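> Place chain S on chain H using the hints.
Protein chains in written order, with my numbering: chain H, 1 to 358; chain S, 1 to 404.
The hints are simulated quantities; they were obtained by calculation from the structure and are not laboratory data. Do not take every clue at face value.
As the list claims (entries may be wrong) - One side of the interface only, derived from the structure: several residues of chain H facing chain S at Cβ under 7 Å:
(1) 66
(2) 69
(3) 72
(4) 103
(5) 115
(6) 273
To be verified - Taking lysine to any residue and the SDA-like style, the derived pairs with C-alpha atoms no more than 20 Å apart in a straight line are:
(7) S:287 x S:227
(8) S:31 x H:217
(9) H:161 x S:27
Because the structure is a prediction, the values reported are computed rather than measured. Heads up, the beta-carbon is just placed ideally off N, CA and C, and yes, glycines get one too.
Letter by letter, the chains look like this.
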Amino acid sequence: MNDRPLLKIDNLAVSFPVTRDATRRVRAVNGVSLSIFPQQTLAVVGESGCGKSVSAMASLQLVPTPPGRYESGAIWWTPDPAKPPTDLLKCSDRQMQRIRGGQIAMIFQEPMTSLNPVYTIGDQIREAILLHQHIDRGQATRVAAEALAEVGIAAPESRLKEYPHQLSGGMRQRVMIAMALACKPKLLLADEPTTALDVTIQAQILELLRRIQNEHGMSVLLITHDLGVVAENADAVAVMYAGRVVEYGSVDDVFDNPLHPYTRGLFASMPILGKRHDRLMTIPGNVPNPAHFPTGCPFHPRCIDVNDDTRCSTDEPPLLEVSPRHWAACWHCTGYDHATQSPPSVTHRRSHQTAAPA
Amino acid sequence: MTDHATAPTAPIANDAAVAAPRRSYLATVIKDTLAKSSAKLGVFWIGCIAFAAVFAPFLANSHPYLMRTADGRWSSPLLAHLTAPDLILVGLTAVTAVVFALKNLSAAQRLITLLAAAALLIPLSVTLIEPPLTVVYDRYRSMTADGEIQWALYAPIPFSPTDRMRDQPENRLNEPGATHWLGTEENGADLMSRMIHACRIALAVGFIATGIALFIGVTVGGVMGYFSGIVDLLGMRVVEIFSAIPVFFLLLTFVAFFDRNLYLMMVIIGVTSWVGYARFIRAEFLKLRQQDFVQAAIACGLPLRSILFRHMLPNGVSPVLVEASFGVAAAILYESTLSFLGLGLVDEPSWGQMLSQAISPAGGFTWWIAIFPGLAIFLTVFAYNLVGESLRDAIDPHLKKAPT
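Next up, chain H with everything else stripped away, as it sits in the complex:
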């Protein structure tokens, strides 16, 4: 398997002005580096407001500028390993229009509002197809029907003529996926694709994503805060907190040996099937307001491992390779003292035998 990353986010920082005081800017994403390899699923985990979505949106230049601003970094896109990568942040609007939908597709959290209520779903899928493929309307209709059939929608021809309000939430998310897949993208950015759906539909949608990923050999950037979803689907995991990646590794490494206290907190706050809980553990406190990030490690005010260590409150720990192919950013994690600085990239892909035929 070729090991050039398909998408490489390199030291990305995105800032927004403070609502009350336009002269000050806060960084919603601050020095994020990630890599996604062909056919890999990278899960980005974290609480609300930690910069997961902004990182994904930046990959398609979807962060509104102004008010947002790309402060530093590059997003290297290598659709063809034989050619040099392009920096997605420096692409013109025209180049971006070709990449959006055609090479990188995105599906959103809220299927109820992601489809335009005034057009039939056929119109919407067809528009996306006609934009990126040079075929006529009749062929586009056939491709759209095939895409609907592929995501498991029965009677696709008649569904094409329906309006979004005639479909249930799970159906709409399937339509969104069909729309995203119709142009055979190389990378799918899935921004909490199952958060708004009920649990049985969630499982179906995730299974569908997994099956389609296998069939098309596509990469997926899965943004979620559901660790169960991560365990089921992801090859690599990046845990984000306050606009930074705090832990990064293969799903096995991170789940078997969580290094960062925030990751451990996330695992501890998850119920385990078959185990009695009085009350689930929580991480004390809230995500800090981006306008008032604490100095030093952004997590230290909530960290249970801090024991009068002034380093935590004064110096920010960089993301270092603590053990092979496993990165963490915490002064106190095991092995941090002799960790090495290296660009975070996990090429691990597990076999997707778990995917059941749909």
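Below, chain S alone, put in the same frame as chain H:
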């Protein structure tokens, strides 16, 4: 996966969809609007006015449809005297009726057929139709008196709006009666005929002025709302400048400088009354640009043109349409007011101009010339407001029974 569509636990929206299969948002809004009897009345009245406007020369005309003269020759003076606008209006109405009667056409095909018909009809009519310049209406009356016309078929109202019956001074200021249903004005022209022909100006002023205003308002408002920031800031200042212009006094000034011109009037009303639409569209677009489906459209790689006008506009245009129905009424009132003040057109009859004739320079008051045109203005403005209100209720999400 088929169980999705038929699952008993499907959300309520699905049940509603089963009850009303495949009805678009537009169709729903039209149905809800017409559900009110007041709106039905309004649409009916506007329909009557539109019918009268299109077929005015066939409804009220001094020229007979068909006549046979003493020498045995048949002729149709009415058709011979049709003007280019008459033909264009009738022709386009006929094409529209045919296009919408054929069920299996798509919206795009209908539009293309209509545009093609317009592109063909307008230059042809303008170049080919040359009605006689001098019209002597008295000819028919003297011919009938002389027995030269053996047989003739006249329009329901056998008087042209400019048929002033100079040979019959006793016809001036007749009260409504059997010959002149709504009476005659001070020059002896039939009031009913003039009112029917005036429908054209009333409709044209309303629609064209509002159309210009809508076009400017939607474009400016859409750009302001989508880009926001500095564009919005500057755009809103322009809106404020324009909302400070007193339209009526501007119209008076322009009439004073540039003579009386109906088209100039339409343009001025149009370019000064777009600010309301721009504000509405801006507010809608500011809201819509945050919507997921707009983000999804951008993420699909759609060009800006398609995002603005294909995806955002249909979702944000409804409050503007409501406003536009009131705008049409306001434009009609402007025109009537100007005509009432004697600053309207001279040759073409208009309701406001007729109204001003109710009071003669000598100070006499003629009730029928005041009542009937006044009623026509009132009813038309009222009808537009009824339709506008019903439309507003139909699209107002707060009043919807079941959210979609």
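> A separate judgement is required for each hint: does it hold in the structure or not?
Now the hints, each set against the structure:
no., hint, verdict
1, 66, "6 Å, holds"
2, 69, "13 Å, violated"
3, 72, "23 Å, violated"
4, 103, "9 Å, violated"
5, 115, "6 Å, holds"
6, 273, "24 Å, violated"
7, S:287 x S:227, "12 Å, holds"
8, S:31 x H:217, "48 Å, violated"
9, H:161 x S:27, "15 Å, holds"
Of the numbered hints given earlier, the model fails hints 2, 3, 4, 6 and 8; all others are met.
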